[in-house]
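Take the sequences, apply the hints, and build the full model.
Protein chains in written order, with the working numbering: chain A, 12 to 374; chain B, 12 to 374.
What the hints contain is simulated information worked out from the structure, not anything from laboratory work. Misleading hints may appear alongside valid ones.
You can't tell identical chains apart in this list, so a pair holds if it fits in one copy or across any two.
Stated by the list, open to error - Below, simulated DSS-like cross-link-like pairs (lysine-lysine); rule was C-alpha separation at most 25 Å, straight line:
no.	residue 1	residue 2
1	K218	K100
2	K224	K100
3	K147	K218
4	K224	K57
5	K79	K147
Since we're looking at a predicted model, the values are computed, not measured.
2 protein chains.
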Amino acid sequence: MKPDVQADLPSAVPPELAGKIVISVDAMGSDKGPAAVVAGCAMSAKKNPDIGFILHGREAELRPLVVKRHLLDRCIIRDAAEVVTMDAKPSVVMRRGKDTSMWSAIESVRNGEATVAVSCGNTGALMAISMVRLRKLPGVNRPAIACLWPSRNDTGYAVMLDVGADIRADERDLLQYALMGASYARNGLSIERPRIGLLNVGTEEHKGHPELKAAQGLIAEAAPHSDFEYVGYVEGGDIPRGKADVIVTDGFTGNVALKTAEGTASLIRELLGQAFRHTILSRIAALLAVTSLRRLAKRTDPRRVNGGVFLGLNGTIVKSHGSADATGVSAAIKLAFQLAQAGFSDRLAARVASTSAPRQDMP
Amino acid sequence: MKPDVQADLPSAVPPELAGKIVISVDAMGSDKGPAAVVAGCAMSAKKNPDIGFILHGREAELRPLVVKRHLLDRCIIRDAAEVVTMDAKPSVVMRRGKDTSMWSAIESVRNGEATVAVSCGNTGALMAISMVRLRKLPGVNRPAIACLWPSRNDTGYAVMLDVGADIRADERDLLQYALMGASYARNGLSIERPRIGLLNVGTEEHKGHPELKAAQGLIAEAAPHSDFEYVGYVEGGDIPRGKADVIVTDGFTGNVALKTAEGTASLIRELLGQAFRHTILSRIAALLAVTSLRRLAKRTDPRRVNGGVFLGLNGTIVKSHGSADATGVSAAIKLAFQLAQAGFSDRLAARVASTSAPRQDMP
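And the structure:
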């Protein structure tokens with residue numbers, strides 16, 4: 012009878028999008044409104060004929076935008092009356108958010124229509140709904156949010172996690188972060204054997220909290236049979252230095268580090284602008300250097316590296332910046348597509364399961 | 012008999028430097044050697060006729076440098092045969108470091124010849140010797156290292172502490188950091204009523220670790236009678252934003268944030284350099300913009316903001332960057348002079364004592 016049970020599962024791609032890799036998109040979460048999100052979908056659809064979308068939100072608003080962007084044959088619209096606001100409390104959304112576009116977008120991952128969902132909305136609410144509806148992978152205690160940092164690596168980016176899913180992490184959580192981060196680097200950045208570093212205040216053995224020392228032991232032990240290399244402790248300055256492809260830390264430290272780096276980059280951009288407006292000569296220089304400066308801005312603008320990824324759930328969620336414009340949304344969709352195409356959700360689940368098995372045997 | 016006991020105390024400025032504000036300087040700790048340190052002293056001496064120095068290190072090496080820089084009448088040399096290396100273990104230096112220039116420099120603060128010492132040497136060893144020889148101020152559980160950040164503040168800088176004295180801090184330590192940071196901002200940056208922020212992963216009340224919530228209560232309660240304003244939680248991005256003059260955090264988070272910001276600034280400088288070398292047009296632009304770019308480099312170069320300050324001890328220690336050149340050393344000495352002139356060590360002690368009194372009454 013097993014095949015029948017399988018057939019009854021609410022799985023698989025809707026027939027209208029057969030043959031496509033389907034991304035579930037919360038169309039209402041962006042600060043810039045649904046027009047920016049649909050425009051981002053259209054940019055991605057144009058570049059990649061294999062993408063299909065399930066768009067969640069107010070159908071009356073979305074349909075004209077979809078028609079305007081010639082996306083009718085590439086997407087399905089799922090009507091959702093409500094929108095999660097940026098200041099909504101996660102606990103409230105979890106109880107009363109069933110009619111929101113965010114909830115509906117996650118539901119498409121839950122029922123197997125898509126393996127990855129994209130939302131620009133409220134991070135806390137997105138994580139809360141994802142936890143409740145998708146549930147944690149067996150063997151994962153704390154899901155994590157992974158983000159990409161500009162780095163001197165060959166790929167130009169390093170993965171860091173957790174950057175804010177949970178403020179705490181013990182040594183076993185940090186081991187899971189290492190495994191999940193390695194899997195993400197393999198599938199999202201095509202790094203076959205990622206180098207993992209553990210964030211600390213120094214690289215000497217005796218430094219740091221006791222859970223870091225314990226995590227160091229667990230990660231080093233897991234490395235040989237997990238296709239990653241453990242490079243030891245790394246410091247804050249090593250994150251952009253390319254010393255590791257994946258930087259593992261707790262969500263408190265990771266969140267502070269991420270926001271500090273963004274704040275620093277933003278201050279330098281501002282001072283750079285001031286420097287170039289300072290004299291007539293420097294204004295001329297700015298005109299001559301305009302393309303070079305644009306190239307720099309592109310490389311260091313956090314919006315270009317758009318998409319924090321929720322790891323450790325049954326399904327993958329890409330969180331785009333709330334202020335993302337069409338280009339930003341398109342970048343998040345590109346990442347979601349790449350992960351969906353690689354079968355990332357299943358691979359990650361298998362990886363975590365294989366390594367958590369010995370753990371379950373432990374007292 | 013009390014006056015006699017007082018007269019016997021090994022206090023006060025050596026007669027050769029009578030009338031000067033005396034800074035005790037570890038002349039051997041810099042990566043660039045004693046020549047850079049003595050050159051830095053000479054720069055400061057030239058700018059400021061009120062400074063006198065006690066230089067600690069190998070007299071045979073120091074004397075010719077002092078003669079060359081015309082510093083003979085502005086300083087005393089204290090011969091110390093040994094040097095603390097950058098990779099020396101703090102615990103080892105604490106046991107066997109009595110003959111080092113670093114130990115000797117701290118000893119001058121201990122015996123009252125100077126109220127502030129400057130060293131470019133090994134941070135861990137410097138903190139360890141300072142703890143043992145100067146002892147903690149009554150009421151202080153964990154001393155802290157405070158540093159200055161480029162900021163959008165009126166003064167151009169914000170104070171952050173702890174950036175690495177201790178990896179842990181409970182709510183009472185964080186309160187002490189707030190008091191000490193406020194005192195530093197008042198005496199070092201001349202901010203009469205500093206705005207204090209507590210570093211967290213969000214500004215909402217419910218965010219963060221339990222000790223942060225407890226610290227928030229204590230700091231807010233202390234604010235009205237401590238001449239500072241408490242502005243609430245701040246995030247990583249707020250550090251350079253000018254939202255607070257003093258940012259309070261534990262030494263683990265503070266150290267990661269500081270090094271992450273330095274690493275980010277360094278990556279952007281590198282990418283900026285690449286951008287300007289990219290085309291002939293951008294090379295010409297770089298030539299035209301050279302003074303503007305230098306101004307920017309000056310503003311964002313961490314070496315210009317030279318001097319982490321150890322707070323919470325009987326005496327003040329300024330830790331200069333190990334790689335500081337004469338300009339960097341001179342910046343650290345300027346800060347040390349400013350603090351010594353303001354009577355900072357005594358003021359800080361009084362401030363901590365007045366606020367820790369109610370604490371000692373508590374169960």
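Evaluated hints:
{"no.": "1", "hint": "K218 <-> K100", "verdict": "between (37 Å within a copy, 12 Å between copies)"}
{"no.": "2", "hint": "K224 <-> K100", "verdict": "between (36 Å within a copy, 18 Å between copies)"}
{"no.": "3", "hint": "K147 <-> K218", "verdict": "between (32 Å within a copy, 22 Å between copies)"}
{"no.": "4", "hint": "K224 <-> K57", "verdict": "neither (49 Å within a copy, 49 Å between copies)"}
{"no.": "5", "hint": "K79 <-> K147", "verdict": "neither (39 Å within a copy, 70 Å between copies)"}
This entry does not satisfy hints 4, 5, going by the numbered hints stated previously.
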